[in-house]
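Trainee: Residue strings, one per chain:
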Amino acid sequence: MDMKKVFYVTSDGKNSLDIPADELEALNESGGSMLDKMDALVIEGSTPDADIGYLLAYAMSLRRPTLYLYDKDISNKGVLKFLGSRQIPAHIHVKSYSGEQVKDFVDKFITDLQGDEAEELPSIKFTLRITPQMERYLQWKAKKFKMTKADFLREKISEEIIGQDEEYKRYLKKK
Amino acid sequence: MTVNSANDTQAWMDQVPELALIAKVEPVFVMPDGKHIEIPDWNILAQKVLQYHKDYDGFVILQGVDTMLYTSAFLSYVLKDLAKPVVITGSPLTPTLQAAKEAEKATINYRNLGVRANLINAIQVSTFKVPEVTIAFGNQVICANRARKSPNISFNMFDADERDVMGRVDFGIKLKSESEKTVEPKKIHLTEVKPANLKILTIHPTFEPEELNEAIKNLPDGILIQTFMQEGWPESLQYLLKVANDKEIPVVVLNPYFALATKLPNVQMVSGISLEALYAKFLWALSKAKNPQIVLQLISQNRAGEFGLEEKKDK
Numbered sequence: 001m002d003m004k005k006v007f008y009v010t011s012d013g014k015n016s017l018d019i020p021a022d023e024l025e026a027l028n029e030s031g032g033s034m035l036d037k038m039d040a041l042v043i044e045g046s047t048p049d050a051d052i053g054y055l056l057a058y059a060m061s062l063r064r065p066t067l068y069l070y071d072k073d074i075s076n077k078g079v080l081k082f083l084g085s086r087q088i089p090a091h092i093h094v095k096s097y098s099g100e101q102v103k104d105f106v107d108k109f110i111t112d113l114q115g116d117e118a119e120e121l122p123s124i125k126f127t128l129r130i131t132p133q134m135e136r137y138l139q140w141k142a143k144k145f146k147m148t149k150a151d152f153l154r155e156k157i158s159e160e161i162i163g164q165d166e167e168y169k170r171y172l173k174k175k
Numbered sequence: 176m177t178v179n180s181a182n183d184t185q186a187w188m189d190q191v192p193e194l195a196l197i198a199k200v201e202p203v204f205v206m207p208d209g210k211h212i213e214i215p216d217w218n219i220l221a222q223k224v225l226q227y228h229k230d231y232d233g234f235v236i237l238q239g240v241d242t243m244l245y246t247s248a249f250l251s252y253v254l255k256d257l258a259k260p261v262v263i264t265g266s267p268l269t270p271t272l273q274a275a276k277e278a279e280k281a282t283i284n285y286r287n288l289g290v291r292a293n294l295i296n297a298i299q300v301s302t303f304k305v306p307e308v309t310i311a312f313g314n315q316v317i318c319a320n321r322a323r324k325s326p327n328i329s330f331n332m333f334d335a336d337e338r339d340v341m342g343r344v345d346f347g348i349k350l351k352s353e354s355e356k357t358v359e360p361k362k363i364h365l366t367e368v369k370p371a372n373l374k375i376l377t378i379h380p381t382f383e384p385e386e387l388n389e390a391i392k393n394l395p396d397g398i399l400i401q402t403f404m405q406e407g408w409p410e411s412l413q414y415l416l417k418v419a420n421d422k423e424i425p426v427v428v429l430n431p432y433f434a435l436a437t438k439l440p441n442v443q444m445v446s447g448i449s450l451e452a453l454y455a456k457f458l459w460a461l462s463k464a465k466n467p468q469i470v471l472q473l474i475s476q477n478r479a480g481e482f483g484l485e486e487k488k489d490k
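Taken in sequence, the protein lines are chains A and B. Under the working numbering, the first residue of the first sequence is numbered 1, with each subsequent residue one higher. Under the working numbering, the first residue of the second sequence is numbered 176, with each subsequent residue one higher.
Please note that a few of the clues may not be correct.
As the list claims (entries may be wrong) - Think about it this way: if two alpha-carbon atoms lie no more than 27 Å apart in a straight line, the pair counts; the simulated DSSO-like pairs of lysine-lysine are:
#1 B/K361 <-> A/K37
#2 B/K324 <-> A/K37
#3 B/K392 <-> B/K361
#4 A/K144 <-> A/K156
#5 B/K304 <-> B/K259
#6 A/K95 <-> A/K169
#7 B/K210 <-> B/K324
#8 A/K169 <-> B/K351
#9 B/K392 <-> B/K356
#10 B/K463 <-> B/K392
#11 B/K422 <-> B/K229
#12 A/K72 <-> B/K199
#13 B/K349 <-> A/K37
#14 A/K95 <-> B/K199
#15 B/K304 <-> B/K255
#16 B/K422 <-> B/K438
#17 A/K125 <-> A/K149
#18 A/K146 <-> A/K125
Claimed, not checked - Chain A is faced by these chain B residues, among others (derived, beta-carbon under 8 Å):
#19 P192
#20 V290
#21 A292
#22 I295
#23 Q299
#24 F330
#25 G347
FYI, nobody ran anything at the bench for these hints, they're computed from the structure. Given the structure is predicted, the values throughout are model-derived calculations rather than measurements. All C-beta atoms, glycine included, are put in the ideal place defined by N, C-alpha and C.
Sequences and hints are given; from them, build the entire structure.
Mentor: Structure, rendered in structure tokens:
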């Protein structure tokens with residue numbers, strides 16, 4: 001399993017970066033952002049900062065797992081107060097901390113990410129009977145996107161069916 | 176989802192709740208998705224910005240990429256004294272582009288992004304102290320009237336010289352230090368740009384002087400000639416330029432690498448400006464003045480940085 005890339009940014013401006021120079025150059029030419037390359041983000045948002053709202057917004061739009069931390073003595077969810085709690089998606093994990101808890105929260109977040117990835121490996125065999133019309137469509141679509149039919153279906157289920165099911169997200173949060 | 180009327184704007188905004196993390200965003204409907212922008216639409220855009228300028232810290236305009244350079248240049252001229260950020264962006268993935276076979280490979284990695292990444296970046300830029308019109312597209316923030324279409328197929332559809340790139344997106348938007356400044360606003364008197372009969376000609380190896388002759392016969396409001404000449408005007412074109420001059424048709428010659436001066440008062444050479452920025456400026460100048468020499472004077476003067484750092488004209 002590849003090591004996950006986790007980018008952290010703190011309110012004092014520190015951050016991490018371990019992307020090779022050639023990869024950065026290619027990314028710059030393609031017009032993408034380095035945030036597109038991140039598997040997950042950890043944001044310490046106790047101090048108000050314009051970049052924090054931006055990073056959170058970007059993470060939300062990309063549906064990236066994000067750990068949002070704020071000091072429970074000095075902040076009240078920071079920029080997240082601008083979103084109703086029902087609008088905070090399941091992949092944004094919000095934690096208030098005091099003292100040494102930060103390390104534990106970050107460790108758990110990263111461990112869970114690795115676990116999620118192992119759990120999310122497509123290892124369950126599933127037989128599905130489909131109509132010839134569906135088969136023709138999948139053939140065409142897979143060829144168009146240069147991917148296998150199974151990958152196409154997996155992506156649809158993950159991004160559009162699960163990813164957009166707000167009721168299911170609420171269910172997971174309560175779980 | 177497409178926006179066809181003002182009633183659709185809130186539902187469209189509801190699809191991007193994350194924008195509330197950056198700024199309080201108030202959507203304003205100007206025209207439906209897919210409508211080909213026309214010159215009167217430029218006036219509406221400028222009027223809308225002016226109408227709301229006291230109540231908002233910045234403005235983001237979403238529009239199609241095909242005409243973005245013309246719109247952004249025009250707005251840079253008419254909103255010069257606004258002293259607030261006006262950021263233009265759009266979607267790199269139009270339905271037509273997505274369907275195009277040759278673009279399939281280049282766009283496959285962006286099929287989930289659409290306008291969303293550009294919109295987030297543009298709104299973030301609109302919260303900065305950038306008192307001018309800019310284009311935020313891909314991972315670049317570019318001075319609006321200095322941008323040009325990129326020849327490459329990428330998410331960076333627009334390009335500029337390094338000095339005209341105001342900032343870049345990496346883990347956030349990093350503006351160059353000189354891009355952020357505070358400017359005192361001045362009272363704006365909007366110039367309503369009227370559609371004009373502006374003839375554009377490009378001189379190329381098989382260019383027939385008859386094309387210019389035909390254009391002159393139709394008595395256009397102006398002629399814009401794009402050239403790449405360093406060896407002087409051919410005799411036939413010299414003669415036709417004199418005919419246009421005598422008919423008081425303002426002629427602007429864009430010769431990017433070398434300026435060919437003439438002594439004709441109604442013929443103006445310019446360089447160091449893009450064709451799109453010059454086209455928008457020609458229309459703006461024609462709406463400001465009737466006298467061809469005043470029109471040409473307005474065009475040749477640097478108004479909103481469209482000639483770059485230095486004013487480039489040769490007369």
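Trainee: Would you mind marking each hint as holding or not holding in the structure?
Mentor: These are the hints, each one checked on the structure:
About 43 Å separates the Cα atoms of B/K361 and A/K37, which puts this hinted pair outside 27 Å; it is violated. Straight-line distance between C-alpha atoms of B/K324 and A/K37 comes to about 26 Å, which keeps the hinted pair within the 27 Å bound. At roughly 42 Å between alpha-carbon atoms, B/K392 and B/K361 are farther apart than 27 Å, so this suggested pair is violated. The hinted pair formed by A/K144 and A/K156 meets the criterion: a straight-line CA distance of about 15 Å does not exceed 27 Å.
Annotation: proposed proximity of B/K304 to B/K259 holds, straight-line Cα distance about 7 Å (limit 27 Å). Distance hint between A/K95 and A/K169 is fulfilled; the C-alpha atoms sit about 18 Å from each other, no more than 27 Å. Taking the CA atoms of B/K210 and B/K324, the gap is about 21 Å. The hint holds against a cut of 27 Å. For the proposed pair A/K169 and B/K351, the alpha carbon gap of about 40 Å is over 27 Å, so the pair is violated.
Restraint check for B/K392 and B/K356: not satisfied, since their Cα atoms lie roughly 49 Å apart, outside the 27 Å limit. Distance restraint check for B/K463 and B/K392: the Cα-Cα separation of roughly 24 Å lies within the 27 Å cut-off, and the hinted pair is therefore satisfied. As the CA atoms of B/K422 and B/K229 are separated by approximately 45 Å, the hinted pair breaks the 27 Å bound. Our distance criterion of 27 Å between C-alpha atoms is met by A/K72 and B/K199, whose separation comes to about 25 Å.
For the proposed pair B/K349 and A/K37, the alpha carbon gap of about 18 Å is at most 27 Å, so the pair holds. This hinted pair checks out: A/K95 and B/K199 have alpha carbons roughly 24 Å apart, not beyond 27 Å. A C-alpha spacing of about 15 Å is found between B/K304 and B/K255, which places the hinted pair at or below 27 Å, so the restraint holds. About 15 Å separates the Cα atoms of B/K422 and B/K438, which keeps this hinted pair within 27 Å; it holds.
This hinted pair checks out: A/K125 and A/K149 have alpha carbons roughly 15 Å apart, not beyond 27 Å. For a cut-off of 27 Å, the pair hint linking A/K146 to A/K125 stands: about 23 Å separates their Cα positions. With its C-beta approaching chain A no nearer than about 5 Å, B/P192 sits inside the 8 Å limit, and its interface hint holds. Taking 8 Å as the C-beta contact cut-off toward chain A, the hint placing B/V290 at the interface is violated, the least distance being around 10 Å.
A distance limit of 8 Å between C-beta atoms decides the matter here; for B/A292 the minimum to chain A is near 7 Å, and the interface restraint holds. Because the smallest distance between the Cβ of B/I295 and any Cβ of chain A comes to about 5 Å, under 8 Å, the interface hint for this residue holds. Interface restraint check for B/Q299: the shortest CB-CB distance to chain A comes to about 5 Å, inside 8 Å, so the restraint holds. Look at B/F330: its Cβ gets to within about 3 Å of chain A, closer than 8 Å, so that hint holds up.
For B/G347, the interface hint holds, since its Cβ comes within 8 Å of a Cβ in chain A; the closest pair sits about 4 Å apart.
Checked against the numbered hints above, the structure breaks hints 1, 3, 8, 9, 11 and 20 and satisfies the rest.
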